Amino acid sequence: MASTRDTQTALSVPLTPVLTKRFVLNWQHLTVCLGLVALYLFCCYTPVPHAGGWLHASHGRWLISHHTWPQQNPSLPLAEGMDFVNTTWLSDVLLAATANVLGMDGICGLRGVLVLATLVLLLRSFYVQSGRFGLAAGALVMVVVAWWPGLGIVGPERFAGLCLAALIWLFCDSAEWRSRAATQRHGWRFTTLRWWSVVVVMMLWANLDGSFILGWLFLFCHATGRLVDLLFTRKSLRRALQSRSLQHTWWLLAAATAATCVNPLGVGMWGELLRWDSSLWGGADGLSRPLALASWSGVAFTFCWLVALIVLRWANCRLRTVDGLLFFGLSLLAAWNEHYVGWLVPVTAMIAMTHLAATRLTDRAAVVRRVRCAEADQPVAFAPLQFSFTFACLLITWFGFALSPLSKPMLGETIWDSAQLYSDATPRAVTAYLHEHPADGLIWCPADWGDWLLWDGPPGTKVYANSQMANLPQQARFDYGRMFRGEPDWKEICDRYDIRMVVIDKKTQDHMVARVRRNRKGWHLAYEDDQTMILRRRHG
Amino acid sequence: MVREQTGNARKRRGTSAVVFAACQVIWLTALATGALWHVRTVKDRPELPALRNQPRVIRTLYDDPAVISDEQLALVLQQLEPRLRHPRPKINHVDHMLRFWGVESRFDDPRCLSGHEMRDILLNHHCYAEYWPPPMPPLLTQDALGVAVRTQEGLATSSHMDHTLASVGEVGTPLDYPVITPEGQSNLRAVMERALRDFRLNRREYEWTMLALILYAEDGRPWYSKENQRIDFEILAHRAMRQPLNQGICYGNHRLYSLAALLQVDRNESMLHPEIRNDIIEHLKKATRCLVANQSAEGWWDRNWPDASQSADEPDEEDHHSGSVSPLGRKLLATGHALEWWAIAPAEVQPPREVVVRAAQWMAQQVSMLDDETIVKNYTFLSHVGRALALWRGEFPALIYDRLPREQGAST
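Just so you know, the sequences run in chain order A and B. Mapping of the first sequence onto this note's numbering: residues 1 to 540, in sequence order. Mapping of the second sequence onto this note's numbering: residues 1 to 412, in sequence order.
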């Protein structure tokens, strides 16, 4: 039985929180949390583009059902005999599995999770580099703005972005890892863990997307930059090569390179990179587009250079060779193909954080970091509301999850109907028609509609072209263009390729619409609405 | 103390610089070697198939007097002798007649060109220029890529892509046969290689290139076209089977002929995967079923041979013959081609023999009633008629013509 003496004894013991100071957040954390959750929900509910991701999901579905490596493009019958290098097989399978299990909600949720994870890793990296949360958040905003036009994309690019962010984090946070390795028992495990994490990331990246070469270049620049810096400081190649940290970096590069060969093509993947006409150097559609400054990519590219010039002007510490190699190397790639601008921006931000931290209040940043490290794991005294921001962040996080599509299995319907997650340009009416009246042969449609038709159409749907039409023979691409433009010989082209159905986008193919309205002998108009016309060949 | 500090310093240094550098060079070299080997494998892909000097012979498989009698065949062949010895003979007539009669054919009629003369017109610029003198451009042109045959540029040119090449191949011309161009002397191999370098699988006319490959390819190994597309007989077969049955040149019959020729070669040399072979047989069977179902009571077919419910008289804007061919010409074209590919096709795709007999008898009757003007107007179609009828008697026209009874003065 409790006694008053016991109660008085209990009251005399001061209350202390179980959590340490590490978990005491402030309004800056709350702001960033709110921003990230909002961005996550935005990515979850932005309509999915009608091209690109659905093609990868179709390929994934093919891989899952056939259990074999495709020797040629499985989605383009006319690409028989053409080289086909599938560098995104793992992304394709993941997308298909997600779509099969969770449907449209899963696809959108996956997109949100990947974008969120990428941005969180980048934020952490920027914070570690600069020591200032506001600066890191600002850099993150720069990355989000540069990536804005492509945030809605669902495809291997999302996985690749996460891999890049993971690599940046593993390198930027190396000081943290080393300090833990030095201060904690069995600390060597942190160094080994980081080492193997890089290797695993590269192995996964090589199977997720062909852009893994950028990750390799990232590691190569670190290794080479370290060598050059040591050459300058030690004035001797022999002494530079004897450096343990240098050897560590180069052995990491070797292991990562070996890891990238763990893919269905093996070392042949590197052979493909040496072929400049390979689709590995192109964007999502395998095509290379030189950078145009008068474009969103061009503006982002210009801004990166502006940041670089500011850093160069105000930096107090010496520019590291690795920073120069990364920045100039990626700039050259971006100038050659605008697709690489998306990679240049986070790397520029990472480099800028390092030097901005060195320009301004370096000591303060170091002091802040030391204080936080020293105090992070210490218990805090009891004070009212000091965890209020922490709880607010948790609440916002919960709201984000509850409102996202991924909560549907647990919490029921969300605020959005799944049907609203399709972009307006998605030709859903065409696939609905196909399910009722399947095509008995090849379908000609605009290439960007081909992805959707392959995914949502009935089994066995065959399209003339899709977003990978660069894989078609040149004659077929030429004839595609003639069909698209509604040239007079469109019927002869249909005969030559045995096209049984023609799907026309009324918004972009007005010449073709006019021509078929004038003369479509041998074809009948099977379906028409505001978006599309469908012609079917008469007499089967 | 100093020794201990030196030892600690040694421990902080890594592996020996030389060993470390050597290891890095080794793995970088291994990676570069593997990658370059892959690139080399791609670049070393054959741009041309291996070719044999002497072309294969696509033979008839049947000899049935019930299809056409000796007398009827003699009359048909006499009607269709190549009376092309006049100024400016159409080149498409010359190559069709060469294919029909063969290179060893000779005729007593002075109006007729011999087989050698016809081949010389096609492959020797000086002979060509005698019949098509300047300023008419030459039929043959030579450049670094090979020898090209002018096509579809008028009466003095070939009528279809690689038709001349396939025709000289079908009459047994070896690849080392000399070809004389305005630029100098070359050989038939240069014509063949140029044709293959220009080849695109999805172009409108590919049937004769396919036939030339069947005649001259050493084996079934693939090669890579200028579009970097792998080409082998299986892909060519898929291409030939892709379109609706009567789509393509001559109502789709040249595709069927090429497929039948491929089957014959594959029977002896195993160039096709069994699955593809079966696909081709099924495709030819389907064509046979359509022909059997849609044969007219008299025995002829028209361009609507796959589906007689469609009108054959309605002009077809995509049919290149529709504007210039008479109804009789269409029927001779469709019927002659059908019998020609059946003559070289295996037994499993053959129709009932009475179908062939009815068609052959109709053709023989029609040809016997034709006047010279009509014959000249339909020379190219009639070449298929005459060749088909001869093949159904077990031999090529020139060889069988010699032993057939005919009117005084006509011989080869």
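If you are wondering where the hints come from, they were derived from the structure by calculation, not from laboratory data. None of the values given here were measured: they were computed from a predicted structure. Be aware that a few hints might be false.
[Stated by the list, open to error] Lysine-lysine pairs mimicking DSSO-like chemistry, simulated, CA-CA at most 27 Å apart: (1) A:506 / A:521; (2) A:462 / B:286; (3) A:462 / A:507; (4) A:521 / A:507; (5) A:462 / B:285; (6) B:43 / B:285; (7) B:90 / B:377; (8) A:462 / A:506; (9) A:521 / B:286; (10) A:462 / B:43; (11) A:462 / A:408.
Worksheet item: Going through the earlier hints one by one, which of them does the structure break, listed in rising order?
Response: 6, 10 and 11
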